[in-house]
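Residue numbers (the working numbering), protein chains in the order written: chain A, 1 to 260; chain B, 1 to 529.
Just so you know, these hints were derived from the structure itself, not from any lab.
Quick reminder that beta carbons are idealized off the backbone N, C-alpha and C, glycines included.
Each hint should be verified, as a subset may be incorrect.
Stated by the list, open to error - Covered stretches of chain B (in silico footprint by chain A; criterion: 3 or more residues with CB under 8 Å from a CB of chain A, positions within the stretch not fixed): (1) 304-310; (2) 469-482.
To be verified - Lysine-lysine pairs mimicking DSSO-like chemistry, simulated, CA-CA at most 30 Å apart: (3) K227(B) / K340(B); (4) K197(A) / K485(B); (5) K430(B) / K160(A); (6) K227(B) / K218(A); (7) K283(B) / K227(B); (8) K121(A) / K227(B); (9) K219(A) / K340(B).
Claimed, not checked - Sample of chain B residues with no beta-carbon within 12 Å of chain A, all distances over it, derived: (10) N25; (11) D49; (12) Q62; (13) V64; (14) V152; (15) T368; (16) A407; (17) D417; (18) K427; (19) E526.
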Amino acid sequence: MVAICCWPVAYGQQVPASAAAVREGASLFRGNCSPCHGLDGAGGGRGPDLTLGRWIHGGADADIFRTITQGVAGTEMPANSFEDSEVWSLVAYLRSISGVSKPRIGGSIKAGQQLFFGKEKCIACHMVGGQGGHLGPDLSRVGAARSAAYLAESVREPSKELSLGYVDPNNHYGIPLEYDTVLITTRDGRKLKGVAKNEDAFSVQLLDENDQMHLLLKKDLAEVRHEERSLMPAYTLDMLSDSEWRDLLAYLSSLRGESF
Amino acid sequence: MRLFTVVVLCTGLLGAQVTNERILNAASEPQNWLTYSGTYQSWRYSTLDQINTGNAAKLALQWVFQSGSLGQFETTPLVVDGILYGTGQDNRAFALDAVTGRAIWRYQRGLPDKIQACCGMVNRGFAALGNRLFMATLDAHVMALDSKTGNVVWDVAAADYHSGYVFSLAPLIVKDKVIVGISGGEYGVSGFVDAYSAETGKRLWRFKTVPGPGEPGHETWAGDSWKTGGAPAWLTGSYDPALNLIYWPTGNPSPSDYGKDRTGDNLYSNSMLALDADTGKLKWHFQFTPHDLHDYDATQVPVLVDADWHGEPRKLLIQANRNGFLYVLDRTNGQFLSGKAFAKVTWAKELSATGRPILEPGSEPTETGTHTCPGALGATNWFSPSYDPQTRLLYVSSSVECDTFTANAQKYHEGHDFIGSVYVPAKGEKTSGAMRALDPFTGEKKWEFPYSSPPWGGALSTAGGLVFGGDSEGNFIAFDARSGKVLWHMQLGAAIYSSPISYSVAGRQYVSIPAGGALFTFALPEGAN
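Construct the complete structure from the given sequences, taking the supplied hints into account.
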């Protein structure tokens, strides 16, 4: 009762969802949200698809308002300091694009889970709910954080858009490192392959394919080569049938971090 | 005996006033750092040579000063007779014993909420004159502090911060005036360069960087677009006392990446202004990027060099510009002498005989995005280059990044973002950076040292044959100025967002650089020299 009476006070005056509000919201969305959620809101490399009408953090207008202004703890969604009227314009725009597409994955979550832990050995490199390997990104809530289209592409063409790794909080304009394949040749002829957990002009910290960490000084290395491609194999049709692919996507999409 | 003389001299000067004469002749007292770029010529070059190519490997940390805040620590400290004066994040300020790093006083301005600072609550340093220090604040005030106490002497408002007006730069002292330029190109402000009386704080002149109706240049703005035209002036300029001209660079037109509502060249955005120091009147201008669509502010330090140019002595102005070209102008009249790309450039094919860019068709931002180099943060940015008269090279900290620019028509709301675009690093392209040694007389690159990511730290060269630079991974590095060989490096634990300085006290040379929330100072171990 108290909460209901206080919504307008806490969240300002909602603007009617007019065509002008939708236009204003679209402009704000392109300028502020699209780097993560995509220019059309259908999801980018860092944010979920907002066109599905699936609101993980609450689908009421006030919930979406709160998600925009306060962000979502434990996720990449930050708090934003828009004017209230701007937030309502964004809500109006999101409503206008919501439900325009539907997830068309199909597939069996259970069968996908079996593929993930069994035949395809995804768990060897990816962690889910605190279990698994360290080489690839943690997938515990990947279904909440990434669009189905992004996940589908990541399985078939993992090098098309590399996942992001180390983020330096002291580098305010910094770009996160990517999960690309790094090939290293030491001056004494050893060859190493893995992902760079971090790197600068003088050193590199490499996690190799066997889950071993190598802390290396560049003066001891003959070559550090970035392949600009993922270490993950591309699961082409001959490795993963269409129905298996759909099963795997169904499982990945179901991962929302609930176990935490 | 010589060392003893220096000690006595320094002790004798402790607390002495900074006079105009001393700033004019700053190069003759290399133990001090009296103005933002070291001297009015803005070489950021020190004639100190105690630390040199033969012993730089022995450099050791002397002290660390914690500013009390994280964020980008962008100050260039001043050093006057053994005391170091700096500004910090959120308009903090401090005076330190330059030998020990111990604070003599601290000051912090109380700031209002909702300041629109596009790029952090930063400040780039003080100017000094007499027994006063001058700071330009995030809420668009200019103020004088007493250099012995940090007490406020005067405080005047230059503009209304509610509308997006902000100061982030270090002021420049010219004669009896405090020269400042406004920030706010992301908020559709109307740019200006101001001069204030160092004595009273009274404003003596203002040059508006966007001409109003009836003024020359107004015709370069479509309709009412001039009213929100931007063209801020957010970096400290240079000064030629013989010509009595202040050289001040300007930033992007607003909105920075959407030009359909502001057709025309948009003067005096992205330009070099030559202003009469006494009156603020425009003597000449040169616009590097007319009708900019990629946020290529020209707010990089103008470096003044007198040299032979094709056999003829000329007064030159050299600038490595954010748009990717290295320019040489005649600073007496603004004549374009040369401009060569020092980074990957895809927005322009080349520069014409008059220096106007010949555009690459299809490089403007579109609805779906256009891939363009350099990216929005530029081939370089505000951090300082350094000119070394021994090598005759310009050392430029450079970025390697292309962006995808997406156009976005946007309505102006006072005090709100007014950018007109989204730009993101181009997918599938690794970004990086480099310290580059450029020959400004030929445009040729002599050497480069690769950084892992785009840098935000500038350069300092010294008579010891060294160039100091810092990267965004937190490495502070001493290079051999001639070869680029790394002679020493130290990991400081956070990205470097400033440019180094050098000074000496009691015959001992120091090098200082901020990183993270701290100021780090290095010297050779005692007895090492």
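Going by Cβ atoms, does D49(B) stay more than 12 Å from chain A at every point? D49(B) is indeed farther than 12 Å from all Cβ atoms of chain A, at 26 Å.
Can the restraint linking K227(B) and K340(B) be considered satisfied, given a maximum Cα separation of 30 Å? violated (34 Å)
How about the segment 469-482 of chain B: do at least three of its residues have a C-beta closer than 8 Å to a C-beta of chain A? holds (count 6)
Is the Cβ of T368(B) more than 12 Å away from each Cβ in chain A? The claim breaks: T368(B) does not keep its Cβ more than 12 Å from every Cβ of chain A (closest is about 7 Å).
Hint consistency between K219(A) and K340(B) [alpha-carbon to alpha-carbon, up to 30 Å]: The given pair, whose Cα atoms are some 34 Å apart, is violated under the 30 Å limit.
Regarding the assertion that A407(B) does not contact chain A, is the least Cβ-Cβ distance greater than 12 Å? At about 9 Å from chain A, A407(B) fails to clear the 12 Å cut-off, so the statement is violated.
Would V64(B) pass as off the interface with chain A, using Cβ distances and a cut of 12 Å? holds (15 Å)
Distal placement of Q62(B) relative to chain A, Cβ over 12 Å: The claim stands: Q62(B) keeps its Cβ more than 12 Å from every Cβ of chain A (closest is about 22 Å).
Against chain A, does N25(B) hold up as non-interface, every C-beta pair farther apart than 12 Å? For N25(B), whose nearest Cβ neighbour in chain A is about 37 Å away, the distance exceeds 12 Å, so it holds.
May I ask you to check that V152(B) keeps its beta-carbon over 12 Å from the closest beta-carbon of chain A? holds (29 Å)
Does D417(B) sit more than 12 Å from chain A, CB to CB? At roughly 7 Å from the nearest Cβ of chain A, D417(B) sits no farther out than 12 Å, so the non-interface label is violated.
Does K227(B) pair with K218(A) here, judged by a C-alpha cut-off of 30 Å? violated (53 Å)
Hints 1, 3, 6, 8, 9, 15, 16, 17 and 18 from the list above are not met by this structure, while the remaining hints are.
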